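A.B. asks: Please take these sequences and the hints and turn them into a complete structure.
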Amino acid sequence: MQQREEKQLEASLESLLARVAHLKGSLQSFILKLENEHDRVTWPSVLDNFALLSGQLNTINKVLKNEKTPSYRSQVIIPLLLSPDRDEELVKLTEQRVPVFSHEIVPDHLRTKPDPEVEEQEKHLSAEAARIGPEVAQKQIQTLNKLCSNLLEKLNNPRDDRDSETSALRQNKPSFNPADTNALVAAVGFGKGLSKCRPPGPVPPGHPGQPMMSTGPTLQQVTIAGTTGHQAGMGGQVAQQQPGQPGKMPSNIKTNIKSASMHPYNR
Amino acid sequence: MEAPPVTVMPVTGGTINMMEYLLQGSVLDQSLESLLHRLRGLCDNMEPESFSDHELVYLLKGQQGNPFMLRARRSLLHPTAPWHLRYLGQPEVGDKSRHALVRNCVDVAASHSLPEFLNEMGFRMDNEFVAKGQVFRKGVMKVVVSKLLRVLATGNTENTEPLSLSYLVELSVLAPAGQDTVSEDMRSFAEQLKPLVHLEKIDPKRLM
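Taken in sequence, the protein lines are chains A and B. Per the UniProt record's numbering: the first sequence = residues 1 to 267. Per the UniProt record's numbering: the second sequence = residues 1 to 208.
If you are wondering where the hints come from, they were derived from the structure by calculation, not from laboratory data. Any given hint might turn out to be false.
[Said to hold, decoys possible] Below, simulated BS3-like cross-link-like pairs (lysine-lysine); rule was C-alpha separation at most 25 Å, straight line:
id	chain 1	residue 1	chain 2	residue 2
1	A	Lys68	A	Lys123
2	A	Lys24	B	Lys147
3	B	Lys205	A	Lys192
4	B	Lys61	B	Lys132
5	A	Lys192	B	Lys61
6	A	Lys113	A	Lys65
7	B	Lys194	B	Lys138
8	B	Lys147	A	Lys192
9	A	Lys7	A	Lys68
10	B	Lys132	B	Lys142
11	A	Lys62	A	Lys113
12	A	Lys173	B	Lys147
13	A	Lys154	A	Lys173
14	B	Lys194	A	Lys173
15	A	Lys123	A	Lys139
16	A	Lys192	B	Lys138
17	B	Lys201	B	Lys142
18	B	Lys147	B	Lys132
19	A	Lys7	A	Lys62
20	B	Lys61	B	Lys205
21	A	Lys113	A	Lys24
22	A	Lys65	A	Lys154
23	A	Lys173	B	Lys201
24	B	Lys147	B	Lys205
Just so we're clear, the structure is a prediction, and the values are computed from it rather than from any experiment.
C.D. replies: Put into structure tokens, the structure is as follows:
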């Protein structure tokens with residue numbers, strides 16, 4: 001029984017060592033690359049390196065989780081002999097990093113407890129977890145799972161689904177306001193919203209009856225019976241309209257002229 | 001020699017009754033750029049024309065009936081250009097299937113003494129505003145995108161404030177009476193401006 005456990009321990013330690021060696025190698029090369037070629041390094045190659053490291057960490061995790069691996073927590077390492085002398089074997093084993101197996105290196109290398117700050121944080125987290133209670137914790141777990149699966153679904157679905165959603169959202173923003181349309185049309189149509197202004201008093205009289213329009217497009221020529229002869233002789237075009245009859249020029253002028261009851265010069 | 005008989009119908013057959021076909025809409029200030037881009041693409045290829053006009057609306061109140069309205073417009077960008085006087089009739093109540101607002105339209109150019117002349121004739125200025133914007137053309141169709149500004153002090157066009165946070169968009173065609181194909185063309189053009197702007201036939205009497 002113990003032999004089996006020992007064999008298992010050895011085997012798992014070996015595989016763990018191998019993985020860690022791989023990780024160390026890739027880290028080393030990455031650091032070298034960053035130090036020496038930092039101006040030439042491109043983002044995709046940096047990403048590649050990170051991906052490699054993450055893959056290797058993953059395999060280490062797998063090895064540790066493997067059921068054949070015995071629990072390392074139950075193993076204890078006790079230093080049997082500490083000496084301040086330089087040990088050549090150790091130097092060779094550790095690739096010149098640990099020359100002396102003395103009192104200084106033992107607390108660092110054989111440490112099993114995490115750093116004090118890390119320990120504090122862990123204590124906080126476990127206290128927090130104990131505080132909220134199992135049901136709340138379960139609900140939180142479920143929400144997290146749901147969010148992750150939603151996100152995964154969105155990312156995995158074909159692109160055209162996403163495009164139609166975003167275009168629908170974009171169109172929801174209105175680009176015109178119907179109330180504004182009505183206000184503007186009313187303002188142009190009959191001056192709603194514009195201050196009604198009455199100019200102060202009539203302009204001092206010029207020459208009554210002398211149209212001062214330049215020759216523009218021809219309008220309907222109207223000569224008014226009953227006005228003095230000099231107007232009939234004018235070559236200018238006059239557009240005149242009797243008040244109160246918009247839109248029906250010829251017939252109304254005829255009737256009004258005949259009746260001669262009013263003309264525009266009344267004030 | 002007798003004076004020639006007085007006639008009231010036009011003697012020289014020069015005038016055709018021009019009708020204005022009109023569709024109106026508005027666009028919010030923040031969407032103006034997209035509308036201008038779209039219009040530049042859809043309309044005839046020329047530099048868009050900017051304008052800044054001061055329009056005065058004159059009313060002649062008679063003893064009975066509706067007051068008679070004339071619109072006088074002058075360009076603030078070209079102060080020496082002639083004034084423009086326009087008469088717009090009542091919208092024709094025709095068949096409901098007609099897609100645009102149709103009304104009689106008479107346009108003339110006038111000299112700079114137009115306001116005084118109108119005052120002499122008995123017209124009184126009812127309101128005034130400043131319109132600033134751009135004009136686009138597509139064949140016979142004219143698209144005007146303008147910002148209406150209220151004049152705060154009569155006659156002072158420097159001191160203005162916008163009437164609303166939108167620009168008025170008008171699609172109009174001047175055509176002789178009876179051409180109903182025009183409104184079909186206008187409607188298909190208006191379709192191309194959706195959903196940025198909804199150009200529709202708006203009856204001003206409904207908004208009174």
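A.B. asks: For the pair we were handed, Lys132 (chain B) and Lys142 (chain B), check the Cα-Cα distance against 25 Å.
C.D. replies: With a Cα-Cα distance of about 16 Å, the restraint between Lys132 (chain B) and Lys142 (chain B) holds, given a limit of 25 Å.
A.B. asks: Hinted pair, alpha-carbon criterion (25 Å max): Lys147 (chain B), Lys205 (chain B). Please report holds or violated.
C.D. replies: Status holds; Cα separation ~22 Å.
A.B. asks: Decide if the proposed pair is consistent with the structure: Lys68 (chain A) and Lys123 (chain A), CA atoms, cutoff 25 Å inclusive.
C.D. replies: It is violated: about 30 Å lies between the C-alpha atoms, which goes past 25 Å.
A.B. asks: For Lys147 (chain B) and Lys132 (chain B), compute the direct alpha-carbon distance and say whether it is at most 25 Å.
C.D. replies: Holds, at about 5 Å.
A.B. asks: Quick one, are Lys147 (chain B) and Lys192 (chain A) close enough, alpha carbons at most 25 Å?
C.D. replies: Holds, at about 15 Å.
A.B. asks: Please verify whether Lys62 (chain A) and Lys113 (chain A) have alpha carbons no more than 25 Å apart.
C.D. replies: Since the Cα atoms of Lys62 (chain A) and Lys113 (chain A) sit roughly 22 Å apart, the hinted pair holds (cutoff 25 Å).
A.B. asks: For Lys123 (chain A) and Lys139 (chain A), compute the direct alpha-carbon distance and say whether it is at most 25 Å.
C.D. replies: 22 Å, holds
A.B. asks: Regarding the pair Lys201 (chain B) and Lys142 (chain B), is the alpha-carbon distance no greater than 25 Å?
C.D. replies: Holds, at roughly 16 Å.
A.B. asks: When you check the alpha-carbon spacing of Lys192 (chain A) and Lys61 (chain B), does it fall within 25 Å?
C.D. replies: Distance of about 18 Å is within 25 Å: holds.
A.B. asks: Sort out whether Lys132 (chain B) lies within 25 Å of Lys61 (chain B), counting only the CA atoms.
C.D. replies: Roughly 29 Å between the alpha carbons, so the hint for Lys61 (chain B) and Lys132 (chain B) is violated.
A.B. asks: Check whether the Cα positions of Lys113 (chain A) and Lys65 (chain A) lie no farther apart than 25 Å.
C.D. replies: Judged against 25 Å, a Cα distance of about 20 Å means the pair holds.
A.B. asks: Can the restraint linking Lys205 (chain B) and Lys192 (chain A) be considered satisfied, given a maximum Cα separation of 25 Å?
C.D. replies: Answer holds: Lys205 (chain B) to Lys192 (chain A) is near 12 Å, not above 25 Å.
Hints 1, 2, 4, 16 and 22, counting from the list given before, are not met by this structure.
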